[in-house]
Amino acid sequence: MKRLLISGLLLVSTFAANAQRKIDFIEYDLPNGIHVILHQEPSTPIVAVSILYHVGSKNENPERTGFAHFFEHLLFEGSANIGRGEYSELVEKNGGALNANTSQDRTYYFELLPSNQLELGLWLESERLLHAKVENTGIETQRSVVKEEKRQRVDNSPYGSFFTEMFKRLFTVHPYNWAPIGSMEHLDAAQEVDYVNFYKTFYVPANATLSIAGDLDIEQTKKWIEKYFSSIPKGQAINLYRDFINLSDADFEKTYGVAKSKFDAKDFMNSKSPEAKKLIASYASKAVEIPRTKKDTEKLTGVVKDVVYDNIQLPGLFIGYKFPEQTHPDAYALDMLNEVLSGGSSSRINKVIVEKKEMAQFAFSFNYGLEDAGVGIFAAIAANGIELDSIQKEFDIQVDLIKKELISQEEFEKVRNKIENDNVSSNASIAGVAENLADNHVYYGSASRVNKELEGYMNVTREDIQRVANKYFTQNARVILHYLPKDKQ
Amino acid sequence: MKKIIFIAGLILPTVLFGQLDRSVRPNPGQARTINIKDSEVFTTSNGITVILSENHKLPRVSIDLFTGSDPKVEGMKAGLSEMAGSMILSGTSNRSKDQLDNEKDYIGASLSADATSISLACLTKHMNKGLELFSDVVFNANFPQSEFDRIKKQNESGLLSAKSDAAIMARNAEVKVNFPNHPFGGVMTESTLANITLADVQNYYKSTFTPKGSYIVIVGDITKDKAKEVIEKYFGSWNGTEPYKAEAGDGEFNKGNRVIFVKKPGAVQSVVYVSFPEKIRTGQADQLPLTVLNGILGGGGFGTRLMQNLREDKAYTYGCYSNLSITGDGSWMSMGGNFRNDVTDSAITQILFELDNITNDYVSDEELNLTKSSMAGAFARSLERPSTVARFAYNIIKYNLPKDYYQTYLKRLEAVNKEDVLTMSQKYFTAKNCNIVVVGNEEILKKLKPFDADGKIEMLDAFGDEVKEITKANISKEVLLQNYVLATTKTTTLKAAKKKLKKIKTYQELTDLSLAQIPFPLKSTKVWMAPSKEGSKMEGQGMVFMKTYYDGKTGATTNMQTGKKEMTADEITAKQKSVGLIPEINYAASGMTTELLGIEDNNGTKVYVLKFTDGSTETFDYFDTETFMKVKSLSIRKEGDEVIESTSTYADYKEVNGILFPHTVNTSMGEMAFSGKVTSIVINSKIDFEVFK
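Just so you know, the sequences run in chain order A and E. Going by this note's numbering, the residue at position 175 of the first sequence is 175; the numbering climbs one at a time, nothing skipped. Going by this note's numbering, the residue at position 532 of the second sequence is 1532; the numbering climbs one at a time, nothing skipped.
Any given hint might turn out to be false.
[Claimed, not checked] Chain A is faced by these chain E residues, among others (derived, beta-carbon under 10 Å):
1) C1122
2) E1366
3) V1416
4) L1515
5) I1518
6) F1520
It should be emphasised that the hints constitute simulated quantities derived from the structure, not laboratory data. A virtual CB, placed ideally from N, CA and C, is assigned to each residue, including glycine.
Modelling step: build the complete structure from the supplied sequences, incorporating the hints.
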């Protein structure tokens, strides 16, 4: 067994303002680069085990879009020790639940288990990371499943393509250009080797954050993490090992110049032969290059206006703005600005556009914060017989009002109270805590931000809200999409 | 399934890693026992049952008010409860809607309402303010006309967008076919929405939300003493009527599979739901084993038979599930998902296969254990939410369950065995009497025919109503009426028909009626005496519930509950246009206004639709285009604000004295659905007309 190196053990304690409950946790790095976060909450005998892989659709080859999401499916197909379909079966038959999701920035896997099954969860996730099955049988099945998912969520769902259509126009350079669901043609065109390479690049220890929350014993949990995760090879050694189990003797020797027989199949990392030892050491010291994207810097230069025809009855209006990335200091003020516009039934958009003027069936705005950029979206489904242009005009008036007039002290207090309430509720479940901790570590570089988030909001002033409205609601540089019924085409 | 796992286990190589043998699966540790904290329950002086689940983990509290009234059949006003629910927060006599919204948002609270509940959630420190708003709504909700108009308009737009949402369309069709004349089967349409008035909404609120029999469920950061204090303070003086109570019935069971198709132009996938009602209610002993059975078939997770077969094996879909809904007012089973056009029929085949297959043999130990463990796990996970414990207490009281129902849940679940599961499937499942609802592209329609027992696919619209596609009639209304008369009288000329009818001086028809809501048999008597006297009565258990008569000049209806009501002048004028045993023969002479609308489809048969109007009643008669016999009659009567719709279907025509009369007559009116079997028709006997007066 290897020595447990606790490189970054942190006991975090911050002052929590207002009603926010402080989340206690510990975190540390394993020698192979896996970041571990543990949060103890014993009130219910359940535990959430999650791994966040820092890979999303933005890391994809533009000719192979949809890969990150595809992997979310593929990595349930089994591992060297787990048969096809067994992932879910093992979790379910042990009283757990599991799922995964993929965004532009990350792929997130989690199990919710009875707390006495924590070790099972750790074994399952370590298997997925070390040697998942990335091969044709699973690829074929999941290709069809993903196509059905796209038909259900995008093609057959009214307005379902607005996300794809909006991002395509907001980002022409940055890989946020395409949506996580990606292109089915790309998935069809991809070969097994493309999938294997994606796994070798992004599913490596240094790209993983293991976040566990719930009814757990910290010391015992650390021992199990040591057992299942510290033994995962570091750097490129993991891919040497993967090739060792997947390649034929001839192919392996051709690639690495050393015969497979020189390695110990039962204890690969401790292979005795000098050639093997040398090769392993050399690959372990080579880091896996994880290609990262850059912050989006492209500016919209004008208004991009387009019509999309869909199987709908009521026209829809979607307006998109470029906001800064989620870690930008202005993100707090932008969230509060969004509350003024669209938070609750007394918000301005709801009051004016839906209730008073009865222009829309639904109308709301939301901020979509990402790692390299942010997006602000206004969406409205028109009331029967209302022109989309008139809804846009009314929305513009509302934006203009905020730009020109400071919001009242009372409205400001209202937004602060709402934010406080939402913040308290956001950490109500252990699954939510595990995810928040992992997100904060990966995107903000600090899991402890979970305890400071509310403070960030409370520091925003009314002037900040006015300032960000002026800065980011660029009426002469935005994307305006009109969704119209197909029969009007 | 057992076999597959076994094989998979064999071919896996043993992969060792360091001293760690990775092929060894970890064993579970000692399970912690699950304790369910008892909720506090107390009753207020005005009849509210309060359930409190204390939990101080987070500084927030939620308070929900649930009505104790049973759901109603809304018929021609379907959607009324929905409308009323969305209007409850439209303002009070103290606060306009704007003020209410503002004050609620100011404390960051959520205050929401629907047809049967009103809910508050906020931080503990804002609870008093939240309750002040809550009780203002409960006591003083004032339903302003302007908000009514706005919400109505919004619903009109909403109904338009429902026409493009396949999932909503499928759900609409599903509830309508499984639950006709039942509260679940009400679907708001453009015409039912138009029938709803502000007065209806106000009455709905008053009769539904009343302290007696209602529940207040409190969860969160509050002590029992404090809870008692605030409930007394904010709800103690609330008064109201008795809650509405009615048994809803079980839904309609099919004979043979029915395919119901809803067109969605341009669809790339079909939404398929295979469903049928179930005779079971919340808390009955079969609920747990039946839920286990549903779990194995498709109730949850990836390991179920439907998911493994249709997603993992065949990749027809992103997800295929079965859903068992057991409620206090009716229950049903529904299986399905979204399937691409070219595999829609194969998907239905596989769903029906799995549904049938599970009734043929014991489920395997593996799948039984999988489902039981997964249900036990879900039960444990649900306890993380403080609201779960409160819901348990609510169910125990509302459905009269044993006090330890949830304490013993895991033990009872553990005891469910293969025999129980097979018994459940054989008792509750059928692959032969299903409603197969398909929403999709018309190009797949022809592939669905083999699934329908009589080969006649029913076409419904987005709201689950029959599609009325009327084509132009190929004959005139005069020819239609004449052909009808000739067909029923089995003659070839009008002259012969009149001659045959002239010989009939009296007509008496006895019918056995059955009605879901009434447990004993009913008998109806109908008489006619030349030239224009008519009488009818309905009786049972020695009582006459209703009788009517018309003596050619005047008449009346006597109802056991509401007394005698004379015919109005309008009704008499209308009646005079519809005289004779077969009134159609006299329409031209009596001045009845008729219009032949055209030909449409009625359950797979082409029919002529003839509309006639007398006074405030519009009637649509449906005649078979081949036999010219009358198969259905739909009448819509307006009485002030009320709209009364009744539909009668006629079948089983038999000859009596050379004339064909229907011997099966089913009539539905609002929530009443009568099935009638004619037991005798006697011509020219002596009739005592006085008994109908």
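Hint validity - V1416 of chain E Cβ closer than 10 Å to any chain A Cβ: violated, 15 Å
Status of the hint placing C1122 of chain E at chain A (closest C-beta pair under 10 Å): It holds, given that the least Cβ distance between C1122 of chain E and chain A is near 7 Å, below 10 Å.
Satisfaction of the E1366 of chain E interface hint, Cβ to chain A closer than 10 Å: This interface hint holds because 8 Å falls under the 10 Å limit.
Interface hint for I1518 of chain E, Cβ within 10 Å of any Cβ on chain A: With a minimum Cβ separation of about 42 Å from chain A (threshold 10 Å), the hint on I1518 of chain E is violated.
Proposed interface contact between F1520 of chain E and chain A, which counts if any beta carbon pair is under 10 Å: violated, 48 Å
Chain A contact restraint on L1515 of chain E - CB to CB distance below 10 Å: This interface hint is violated because 39 Å lies over the 10 Å limit.
Checked against the numbered hints given earlier, the structure breaks hints 3, 4, 5, 6 and satisfies all the rest.
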